[in-house]
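Trainee: In order, the protein sequence lines correspond to chains A and B. Everything in the first sequence is counted per the numbering used here, starting at 106 for the first residue and increasing by one. Everything in the second sequence is counted per the numbering used here, starting at 106 for the first residue and increasing by one.
Because the hints were derived from the structure by calculation, they are not lab data. Just so you know, not all the hints are guaranteed correct.
Since the list can't tell identical chains apart, any single copy or any two copies may satisfy a pair.
[Unchecked claim] Straight-line Cα separation of at most 25 Å, SDA-like style, residue types lysine to any residue; simulated pairs:
(1) Lys195 <-> Asp108
(2) Lys374 <-> Asp343
(3) Lys171 <-> Lys374
(4) Lys171 <-> Asp328
(5) Lys374 <-> Asp340
(6) Lys171 <-> Pro327
(7) Lys139 <-> Ile109
(8) Lys139 <-> Ala448
(9) Lys374 <-> Leu222
(10) Lys171 <-> Arg381
(11) Lys171 <-> Asp347
Quantities reported herein were computed from a predicted structural model and do not represent experimental measurements.
Number of protein chains: 2
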Amino acid sequence: MVDINRQWRLKRHPEPGEVVSADLFAFESGAIPKPDDGQVLVRTLALGTSPAQRSYISLGRSMHEKVKLGDVMRGRGVGVVIESRHPDYKPGDIMSASLGWQDYSVQTPSVHAQRILNIGKVAQPVKPYSLHLGVLGSAGATGYFGLLDVGEAKPGDTVVVSAAAGGIGSIVGQIARNIGCRVIGIAGSDEKCRWVVDALKFDAAINYKTENVDARLGELCPDGMNVYFDNVGGDILDAALDHLALHARIVVCGFISVEQAVGPAPGPKNYGNLVRRRARMEGFFVLDYVERFDESEAKMRAWYDAGKLDPCEDIDHGLELMPETLASLFKGTNRGIKLNRVAPDP
Amino acid sequence: MVDINRQWRLKRHPEPGEVVSADLFAFESGAIPKPDDGQVLVRTLALGTSPAQRSYISLGRSMHEKVKLGDVMRGRGVGVVIESRHPDYKPGDIMSASLGWQDYSVQTPSVHAQRILNIGKVAQPVKPYSLHLGVLGSAGATGYFGLLDVGEAKPGDTVVVSAAAGGIGSIVGQIARNIGCRVIGIAGSDEKCRWVVDALKFDAAINYKTENVDARLGELCPDGMNVYFDNVGGDILDAALDHLALHARIVVCGFISVEQAVGPAPGPKNYGNLVRRRARMEGFFVLDYVERFDESEAKMRAWYDAGKLDPCEDIDHGLELMPETLASLFKGTNRGIKLNRVAPDP
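Please model the entire structure based on the sequences and the hints provided.
Mentor: Structure follows, in structure tokens:
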């Protein structure tokens, strides 16, 4: 274990269209911080990734608080408590929090943060602890509430998910399959398509880079799709809008196609189909569901324990790789939930 | 009363971008048809209008059945039964049906048509019978279910409605006001804006032709709008998307901006705000609510009887004017529900 605190600090904002890289950050070392009363010192074990992290550091408008130049890059992680000056925490406790891209951080647990941001002690830690960043954490909750609450997926529904081989897509498709939906994934390579069909048991997959998505959706969804879980926006959303079943639900989870776009991205030109198919398109934000995370975690845990949920972890090892870990989301090189295991589980 | 049957028949399809006019139709005369067993002969009293009627006659894709060249133009109306060979109908009964642009038509009442299309006898006719095309008919139901069911408007909500001086907009705004919402209208002239504020008691109105809609929405909705009832699409929808309250609902009722557009219309480029505001955009079609029309009609009737609902009828007189009656929707010259009173109420 290192006895210095390595940190990635924001050096400059990305240009529009620029892919995230180590060039945006400075990798520095500092002293391990000391907790005050009511605080804990946490050793980072694993860091997660999210396309939204690019908007933390870009100059564009976003719903997220920005990371300032010189600050440690923000990011969620799981860690282990090393030292505690908080009555409810003791060394060895596993914590999920906004740890940042660093080896150590001081955290100030609060009921508020636990209730609003799902930041705090992991009640029933499961190894590898990175699962609490993935299927047993907010990624799992995103798939669960997005698909079932916002998307109202029901057994027998045809569910289409874009970025199917990505972190959220791979979870959404497996939940849909587990509740008895027909699941079609859209992904960017034959290899990803094979993976979601062979390993994750999707019913079919479309390679949007080599196939005509519109024509293939027509073949695979002759009666239209009941739920479209959208992780990408852009042309694929437009194609999906042309194949909606009556009263279809479009879950707008993200739009990686616009996160690094230059200038305003075009809107979905086929949105008129919302009227023709009496359908809805709804955005959501998983932290609105924090009070129900116990429910999603229990359900995901049961599927995981029963061997019905591949956690789809795609792991880099080493804090020094963290910019590349995040960049893989934008390059499309990840398969499943992209993580960085910064230190071994204790 | 005429003893011939005047009819407007489709002569040619409108070009993309072409405004509806008499030039598209032939005004012909024929014999008054005879009902067979199970049918009734109906004298047209009033004909309604809808932007969707342009898509009946255009060559573009639409959810509506097309009118073929040479056929009588389709359109809903109210009429009086002149002769009946149906056991449940007698002369003098008032009927709401797809009468077409003609003086007389033969109708075949059916339980199916009544239940699915709201075509059949008006159970409790109110004079002027044209009300059953407006506030007491499907226009009223569109406002009622669109605002309350799809839009989930609640007392205290801020509701913004576009095409506020149009048929649906004027009804939606009044319903919103009656249930205790704050109502802001968007319309295309100072005169229309004055009308919705002075006569219909909207709280405010924005002239989109002379004012900056984005800036004015910011002033009038500092906390965002809870419901946006969209009758137009286009730039105004984009501006509205930038002023959503958390969990806002956008009711997509129509997009007159695209009905006669040349080529595919651009989509709402600000739809990303659906995620930022955890909002939804939902299309609807009023005939999905036919089984609940009794509920909307009773509620609208009670408001109307109490003097709380201006029926906002904008009436032309004479079948010969019908193409211009419809055209006024696209020219924006109507104020409220545009109708043509073809014959006096008996």
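Trainee: Now look at each hint and say whether the structure bears it out.
Mentor: Structure-based check of each hint:
Taking the closest pair of Cα atoms, Lys195 and Asp108 come within 25 Å of each other only inside a single copy of the chain (20 Å); across copies the shortest separation is 95 Å, beyond that limit. In the homo-oligomer, the alpha carbons of Lys374 and Asp343 lie at most 25 Å apart both inside one protomer (7 Å) and across protomers (13 Å), since each shortest distance falls under that limit. Only between protomers do Lys171 and Lys374 lie at most 25 Å apart by alpha-carbon distance; the minimum there is 23 Å, versus 30 Å within a single protomer. Taking the closest pair of Cα atoms, Lys171 and Asp328 come within 25 Å of each other only across two copies (22 Å); inside a single copy the shortest separation is 44 Å, beyond that limit.
Within a single copy, Lys374 and Asp340 get their C-alpha atoms as close as 9 Å, and across copies as close as 13 Å, so both meet the 25 Å cut-off. Taking the closest pair of Cα atoms, Lys171 and Pro327 come within 25 Å of each other only across two copies (23 Å); inside a single copy the shortest separation is 44 Å, beyond that limit. In this assembly of identical chains, the alpha carbons of Lys139 and Ile109 lie at most 25 Å apart only when taken from the same copy (13 Å versus 96 Å across copies). In this assembly of identical chains, the alpha carbons of Lys139 and Ala448 lie at most 25 Å apart only when taken from the same copy (20 Å versus 88 Å across copies).
Taking the shortest alpha-carbon separations for Lys374 and Leu222, neither the intra-copy value of 35 Å nor the inter-copy value of 29 Å comes in at or below 25 Å. With identical chains, the CA atoms of Lys171 and Arg381 are at most 25 Å apart between copies only, with a shortest distance of 15 Å across copies and 39 Å within one. In this assembly of identical chains, Lys171 and Asp347 lie within 25 Å of each other by CA distance solely across copies; the values are 20 Å between and 36 Å within a copy.
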